[in-house]
Amino acid sequence: MDSWRRVRGLLWTVCVILAFTSVMWAQAAPVAQEGFQPQVGQAGKDVVWVPTPYVLVEKMLDMAKVTPQDFVMDLGSGDGRNIIAAAKRGAKAVGVEFNPNMIELSRKTAAKEGVSDRATFIEGDMFEADISKATVLALFLLPDNLRRLTPKFLELRPGTRIVGNTFGIEGWAPDETDTSGGDCGSWCQSLLWIVPAKVAGVWRLPKGELALSQSFQVIAGTFTVGGTPTPIVNGKLRGEQISFSVGGTEYTGRVNGDSISGTAKSGSGNSDWSATRVSK
Numbered sequence: 053m054d055s056w057r058r059v060r061g062l063l064w065t066v067c068v069i070l071a072f073t074s075v076m077w078a079q080a081a082p083v084a085q086e087g088f089q090p091q092v093g094q095a096g097k098d099v100v101w102v103p104t105p106y107v108l109v110e111k112m113l114d115m116a117k118v119t120p121q122d123f124v125m126d127l128g129s130g131d132g133r134n135i136i137a138a139a140k141r142g143a144k145a146v147g148v149e150f151n152p153n154m155i156e157l158s159r160k161t162a163a164k165e166g167v168s169d170r171a172t173f174i175e176g177d178m179f180e181a182d183i184s185k186a187t188v189l190a191l192f193l194l195p196d197n198l199r200r201l202t203p204k205f206l207e208l209r210p211g212t213r214i215v216g217n218t219f220g221i222e223g224w225a226p227d228e229t230d231t232s233g234g235d236c237g238s239w240c241q242s243l244l245w246i247v248p249a250k251v252a253g254v255w256r257l258p259k260g261e262l263a264l265s266q267s268f269q270v271i272a273g274t275f276t277v278g279g280t281p282t283p284i285v286n287g288k289l290r291g292e293q294i295s296f297s298v299g300g301t302e303y304t305g306r307v308n309g310d311s312i313s314g315t316a317k318s319g320s321g322n323s324d325w326s327a328t329r330v331s332k
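Here the sequence shown is numbered in this note's numbering, starting from 53 and rising by one per residue.
Hints are computed from structural coordinates only; laboratory data are not their basis. Just so it is clear, the structure is predicted and the values come from calculations on it, not from any experiment. Watch out, some of these pointers could steer you wrong.
Unchecked claim - Derived lysine-lysine pairs resembling DSSO-like cross-links, with alpha carbons at most 30 Å apart: (1) K117 to K250; (2) K204 to K185; (3) K117 to K288; (4) K250 to K288.
To be verified - Pairwise CB distance ranges, derived in the manner of DEER restraints: (5) V330 to L194: 35 to 43 Å; (6) S323 to T274: 18 to 26 Å; (7) P152 to S331: 45 to 53 Å; (8) G299 to P90: 54 to 62 Å; (9) P152 to T282: 53 to 61 Å; (10) D114 to P90: 20 to 28 Å; (11) E228 to S267: 15 to 23 Å.
Think of the CB as a built atom: it goes at the ideal place given N, C-alpha and C, for glycine as much as any other residue.
Based on the sequences and whatever the hints tell you, model everything.
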């Protein structure tokens with residue numbers, strides 16, 4: 053009997069410990085805390101929180117030329133400053149953030165700034181977020197985060213603008229950079245990338261064939277006329293806009309899926325040109 057009492061007492065103690073542990077775990081679960089104030093350098097799921105200086109936020113949005121017609125997204129949106137600033141410019145803006153405390157803080161700030169109707173904050177994983185509708189991404193992420201997201205960036209509509217703070221995207225040179233002074237003491241370089249159209253493949257022209265390879269916004273290849281290939285030079289893309297030179301002729305145009313149309317400029321004048329992709 054004494055042995056049974058000891059076993060029963062031990063089981064009771066274990067149950068109490070488990071119950072107490074469950075309560076403590078529930079208290080520690082990631083739920084919004086009253087009076088939460090973020091701390092610079094606090095750990096997050098994939099990044100630590102370091103806010104972009106407000107002067108750089110505005111510079112990034114300037115570089116992206118944000119208008120009320122844009123749909124702006126921020127991945128790892130922190131305290132929501134990029135999204136709120138974009139909403140103040142009239143854009144619809146969505147921030148994706150894993151920390152519920154940051155989400156709650158962002159929503160309160162958006163309400164205080166009068167932009168809750170345009171600034172939305174979603175609790176979630178930035179790597180799983182649907183960014184397909186974005187026309188602008190405003191980010192402050194580490195190089196490894198950017199590397200993992202690059203395949204998703206390249207699936208965005210050509211012409212989508214990506215602006216970031218300080219850190220580059222591996223292998224993808226920015227289309228523009230700028231450094232803010234004044235009140236910006238650190239993390240003051242803004243970078244702009246414009247998602248390029250996909251042009252790799254073979255294109256047929258009325259009088260020849262254009263074979264293109266592509267590395268982000270840089271293109272190379274040959275233009276073959278009458279069986280003679282000539283290398284193209286200065287090949288580049290800026291969203292849907294393509295330009296390159298062959299011999300003494302400069303070609304510019306707009307890419308629309310599997311077709312290109314534009315203007316060829318040479319010493320003898322200007323002429324229209326067009327091409328159709330026949331293989332990728």
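Q.
Taking the earlier hints as the rules, which of them does this structure contradict?
A. The structure conflicts with no hint, since it agrees with every one listed earlier.
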